[in-house]
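The listed protein sequences correspond, in order, to chains A and B.
Quick note on my numbering: the first sequence kicks off at 84 and runs consecutively.
Quick note on my numbering: the second sequence kicks off at 24 and runs consecutively.
In short, the hints are calculated from the structure, not lab data.
Don't take each hint at face value.
[Unchecked claim] Now the stretches of chain A that chain B is said to cover, found in silico as 3 or more residues with beta-carbon under 8 angstroms: (1) 148 to 155; (2) 159 to 168; (3) 184 to 193; (4) 249 to 258.
[As the list claims (entries may be wrong)] Just so you have them, the derived chain A footprint on chain B, three or more residues with Cβ under 8 angstroms: (5) 58 to 66; (6) 248 to 262; (7) 268 to 275.
All C-beta atoms in this analysis are idealised placements derived from N, C-alpha and C, irrespective of residue type, glycine included.
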Amino acid sequence: MDWVAVALTEDVPAGVVIPSRIEDTDLAIWCAPSGRYHAWSDRCPHRGMRLSHGFVRGETLACIYHGWQYRENGSCDYIPAHPKLTPPSTICVPTYACTEADGVVWVSLHQTDSAMPDMGGRQPVRSMPINLSASDLAAHFGAEDFTTIAVVSDHDVLFAVQPCTDSACVIHALASPDADRSSVSRWLEDLRATLEGVPA
Amino acid sequence: MNAAIDNHWYPVAMISGIDAPRETLLLGKKITLGCEEGTCWVKDASGNALPTVERFGHLWTSPGQPNRDLFTIPEADSPGRRLVDVGSVKVKCSPLRAVENFLDIAHFPFVHTDILGAEPHTEVDRYDVKIREEVDEVWATKVKFFQPQAAKSAEGGITTEYMYRVPAPTCSVLYKTCPPRPGEWDVITLFVQPLTDEWCEVWPWMALYDDDSTMSEMVSFQQLIFMQDRSILENQLPRKLPLDPGMEVPTQADMTSVAYRRWLKKIGYTYGAQLVAA
Chain A
84 MDWVAVALTE DVPAGVVIPS RIEDTDLAIW CAPSGRYHAW SDRCPHRGMR
134 LSHGFVRGET LACIYHGWQY RENGSCDYIP AHPKLTPPST ICVPTYACTE
184 ADGVVWVSLH QTDSAMPDMG GRQPVRSMPI NLSASDLAAH FGAEDFTTIA
234 VVSDHDVLFA VQPCTDSACV IHALASPDAD RSSVSRWLED LRATLEGVPA
Chain B
24 MNAAIDNHWY PVAMISGIDA PRETLLLGKK ITLGCEEGTC WVKDASGNAL
74 PTVERFGHLW TSPGQPNRDL FTIPEADSPG RRLVDVGSVK VKCSPLRAVE
124 NFLDIAHFPF VHTDILGAEP HTEVDRYDVK IREEVDEVWA TKVKFFQPQA
174 AKSAEGGITT EYMYRVPAPT CSVLYKTCPP RPGEWDVITL FVQPLTDEWC
224 EVWPWMALYD DDSTMSEMVS FQQLIFMQDR SILENQLPRK LPLDPGMEVP
274 TQADMTSVAY RRWLKKIGYT YGAQLVAA
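Only chain A is shown next, with the shape it has when bound in the complex (with noise of 0.2 angstroms):
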């Protein structure tokens, strides 16, 4: 497992951090004002607070518990309760590999000189939970492998999934540009309905 969809990006803008996790990690997502994303262990080395609680200010990253900012590369840039000291270098938050490639944010638990999945030229349409396994949904449709299920439909789908729990994962589902998004995300619905064995 290299690169690991965990977002759209329309659905993380510039100034904002969301919660989200790969199987066992959680993870804190954000955007810095540049535009650069960011995927960071989900818990302040303070206090153990929730960075994903957190507010960005600057090209800085802040919990929301005392204040305490960190810059892009996860190094402790501000601590308010002692504005004059310059923070030690040991005080970090460990980083993931992060990037931005066709409307998707991809993650990177660890080192990977792998190129980011192929879209094919498809545009992101939404995410969407649904309970089931990430190697439930890829065995459903017959894939070797869940981090890219092309889905043979009316609408030329493509799910980028994240695995979360034993028992849940996220579809990131993208079609082609000129499929009709609310109908695609209709369908996406119906899918879920029936994969979770609920009456739509």
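On the provided structure of chain A, position chain B as indicated by the hints.
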């Protein structure tokens, strides 16, 4: 049985709120409690009576054999104070995380914005912390902080002085500058009932000088503050309080929390604590 954990007094109810016998949890075990003809009782799951103390408007019990009396707060007995039963809030966090948050002032500008703190007044000056060996309590004194609205009775921003005291592992007493009565201290406590090691019921209680606010205004003020704290407490990782100093990074502003963690370790109080890094 773990004497270091069981032999303490724990709050289990607000006395004025006991209308019928009920079940609750203490340290992960079921207990029942009630009040009849002015006397409160607590029983364990086998029906054995547990010791009780009625103090500070709350009912206290212990699953073990407490080797000392429940602490007292002499300041709260002085005449003219209003005693406020705030009620309770259940929080999905370690009881120790709840106490530690209560001991922290550096979060005021960010969590209790424009009430207990506001940017740019974020600096925490050095204060004194020590473990008072003779009473085996953690004390922080000379804690000062600028507050836009320190209490319901405060008009405009003032620099508030605080003293913090940890007289029992899941209890803390805060003494703070009293806006209408310079020279006196308002008393605000946090009594924490450990339901389990990751779930607690928090019973704040106050003894204040405030002749103007109604009881419900004082209760609402404190509940608002605690709702803001809960949004933090339920989102800290790990849920248990790490006692290994290598796990989280404190600064000088966290001296009280550092002393609290060290004291818990010293007395062997591990319920709701995480001992190994994760």
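Legend entry - Indices of hints not satisfied (ascending): Violated hints (numbers, rising): 3, 4, 5; every other hint is consistent with the structure.
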